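What follows is the residue order along each chain.
Number of protein chains: 2
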Amino acid sequence: MTIAPGLLPEGLRDRLPPQAEASSHLLHRVIVAIGRHGYARVSPPLAEFEEGLVGQLKSAGSRDLFRFVDPVSQRTLALRPDITAQVGRIAATRMGHRPRPLRLAYGGPVLKLKATQLRPERELTQTGAELIGTDSVAAVIEILQVAIEALEVAGVTGITVDLTLPDLVETLAAGAMPLPAGKIDAARDMLDAKDAGGLAGLGASAYLPFIEAAGPVAPALAKLRAIEGAQALDKRLEAIEAIVVAIGDRVSLTLDPTERHGFEYQRWIGFSLFGEGLSGEIGRGGTYSIVHPDGSEEKATGFSLYLDPLVDVGLGAVEHKRVFLPLGTDPATSAKLRAEDWITIAAVSEADDAAALGCTHILRDGHPVAL
Amino acid sequence: MTIAPGLLPEGLRDRLPPQAEASSHLLHRVIVAIGRHGYARVSPPLAEFEEGLVGQLKSAGSRDLFRFVDPVSQRTLALRPDITAQVGRIAATRMGHRPRPLRLAYGGPVLKLKATQLRPERELTQTGAELIGTDSVAAVIEILQVAIEALEVAGVTGITVDLTLPDLVETLAAGAMPLPAGKIDAARDMLDAKDAGGLAGLGASAYLPFIEAAGPVAPALAKLRAIEGAQALDKRLEAIEAIVVAIGDRVSLTLDPTERHGFEYQRWIGFSLFGEGLSGEIGRGGTYSIVHPDGSEEKATGFSLYLDPLVDVGLGAVEHKRVFLPLGTDPATSAKLRAEDWITIAAVSEADDAAALGCTHILRDGHPVAL
Chain A
1 MTIAPGLLPE GLRDRLPPQA EASSHLLHRV IVAIGRHGYA RVSPPLAEFE
51 EGLVGQLKSA GSRDLFRFVD PVSQRTLALR PDITAQVGRI AATRMGHRPR
101 PLRLAYGGPV LKLKATQLRP ERELTQTGAE LIGTDSVAAV IEILQVAIEA
151 LEVAGVTGIT VDLTLPDLVE TLAAGAMPLP AGKIDAARDM LDAKDAGGLA
201 GLGASAYLPF IEAAGPVAPA LAKLRAIEGA QALDKRLEAI EAIVVAIGDR
251 VSLTLDPTER HGFEYQRWIG FSLFGEGLSG EIGRGGTYSI VHPDGSEEKA
301 TGFSLYLDPL VDVGLGAVEH KRVFLPLGTD PATSAKLRAE DWITIAAVSE
351 ADDAAALGCT HILRDGHPVA L
Chain B
1 MTIAPGLLPE GLRDRLPPQA EASSHLLHRV IVAIGRHGYA RVSPPLAEFE
51 EGLVGQLKSA GSRDLFRFVD PVSQRTLALR PDITAQVGRI AATRMGHRPR
101 PLRLAYGGPV LKLKATQLRP ERELTQTGAE LIGTDSVAAV IEILQVAIEA
151 LEVAGVTGIT VDLTLPDLVE TLAAGAMPLP AGKIDAARDM LDAKDAGGLA
201 GLGASAYLPF IEAAGPVAPA LAKLRAIEGA QALDKRLEAI EAIVVAIGDR
251 VSLTLDPTER HGFEYQRWIG FSLFGEGLSG EIGRGGTYSI VHPDGSEEKA
301 TGFSLYLDPL VDVGLGAVEH KRVFLPLGTD PATSAKLRAE DWITIAAVSE
351 ADDAAALGCT HILRDGHPVA L
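Sequence order for the protein chains is A and B. Numbering-wise, the UniProt record's numbering puts 66 at position 66 of the first sequence, and it's gapless, one number per residue. Numbering-wise, the UniProt record's numbering puts 50 at position 50 of the second sequence, and it's gapless, one number per residue.
Some hints could be false.
A pair counts as met if it fits within one copy or between any two copies, since identical chains are not told apart.
To be verified - In silico DSBU-like links for lysine-lysine, alpha-carbon gap of 35 Å or less:
1. K114 x K336
2. K321 x K194
3. K336 x K223
4. K114 x K183
5. K299 x K336
6. K299 x K321
Calculated from the structure, these hints are not laboratory results. Computed from a prediction, not measured in an experiment: that's the story for all the values here.
Looking at chain A on its own, in the form it has when it is part of the complex (with noise of 0.2 Å):
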């Protein structure tokens, strides 16, 4: 069967204008907000060796991988289906001797084999930032408020930050609210799904009050305060209200102690952005740990934004003044108007039509004129 000319692959598509000049715009002020915190930038390839790609994902990923093989080197490689695993390579690896904290930001395209039902897309801008070296409160503190500051360059209003502690079963599972080891994932699950009868069922259900410890986190954190044994908590509850002091003016927190998604290799904390108007997340992050060449891990906190999304909904436009410019006209005059800010059009032919070329105004003695 022959492909109708102009017939992309499913979650592949042509950005036309003016949403095509939208997300280059976006891209380009959210990272210079980014790098305006110290977050400097690196830029690795579209593709690398399968091998190493597998590596540094997480087992999720690397089922998520285009391949195909490199006839210069005979051997596979993978598109990349997220740039955070490889920003951490080269923290391990090319600047694994350079000062820490580092501070690394990245933004490009990414390639994933099958797109969500949620978001349809498979090629996707993502942008974020990563501060190696640490996951202390105040890196976390730090994350957030560059992961705010880009979302708002970007036009995002009505910020949620949805705030999880992705090992929470583990570290209760060792102290006061003992699991054996063998039914800790299988509570993990059922706390995701709020599936209070399988944890009754698995001898779990000192852990049900924290399926209700969900919601604004003022409440919750009060509520995960009144949970009898949660005491190994302390600290974190600490850093949650901590986080709340630093950004609770400027974003809605709320706390989902229990949620696992998509956190799998989070640490201590994680978490989910959403903005007014953007259906499902629009970013996440958390603390984690980079693996060096010597098997010594490092940790970090970073966050990821994907900027499609908010693109679609028409954040990024950029409205501009564009004047016709009649044949002959003075190249030093174009060129003082483009200086002006204008974006001229210039006639090459008698034929050329200012209105059919979208021009909202005409060049005549010199000055633009609204068409």
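Please build the complex by placing chain B on the supplied structure of chain A, with the hints as guidance.
Relative to the frame of chain A, chain B by itself:
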């Protein structure tokens, strides 16, 4: 054999600070400059159906593709080795109904299966502009002016534009300097290789003087005008004279009328772009045709630049003032510094070292003090 951590496939690389930022700044500045001339950005996907991509590419390009099977469509996809062909597809299909001339710009990564000796990189940043619907002298002059401005905002100096006449042999062979159809390709190759003996052996000695008519544009034009039987080129030569008038003051102009290499799909004029201190060509363009779904052809004029050689010689680098903020610095103070163009590096622990972190200043009593 296990791949060493951090090792990348040949021709693929990480851009680290400050080059990664330089690369993204250059692309941004270039595409904004192109946009000021009315070229609206489009952003095609990184991968397409192989069949569609090969149809758009010329024969040389179709051998240069990374291919892989898409589990969703069960089809072979290929990574784009070039964005120009995708822009042609968009102009012919989704934007086929838009008024002409249609001005489109693009910029992003491309992946080539094989590197060349001159360009060992296989992932490159390509940017450019296409003026769809015309290949007139006015169109060529506009495209050359936009290309030169793009190079200028990127910081390139000593720009040389080398003009060529890709269909010179076809044009003359049909008129005053007849050649049998079967010998045209061979004559072109020999002219391209400046192989005088080969031309004579082919019975195409009449074409010998064209080999000598290369170099700085004024003497080359004079030599072309003096060639007996070259009157069929008069309109071309007038066009080149118009180009000299338009851009001769801004750049060095050379003419190599028989240069064919890489201009297999250009029509009446092609050009290569060079810059001082940059080895090899950094861009090229010319007149060509795009093919519509109904088989009709449409004339077009455009140029492409590759930004990587510019980044490699240090263009696009941005100097930053970096101020270290001790623990406990007021967020309003740090926001004010960023608004004043400072990069702020906030301490996240007592151990953080301003100098080691590359700071040029430290905040003392609310003011940045040089380190």
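(request) Kindly indicate which numbered hints from before are broken by the structure, ordering the numbers from low to high. (result) 1, 2, 3
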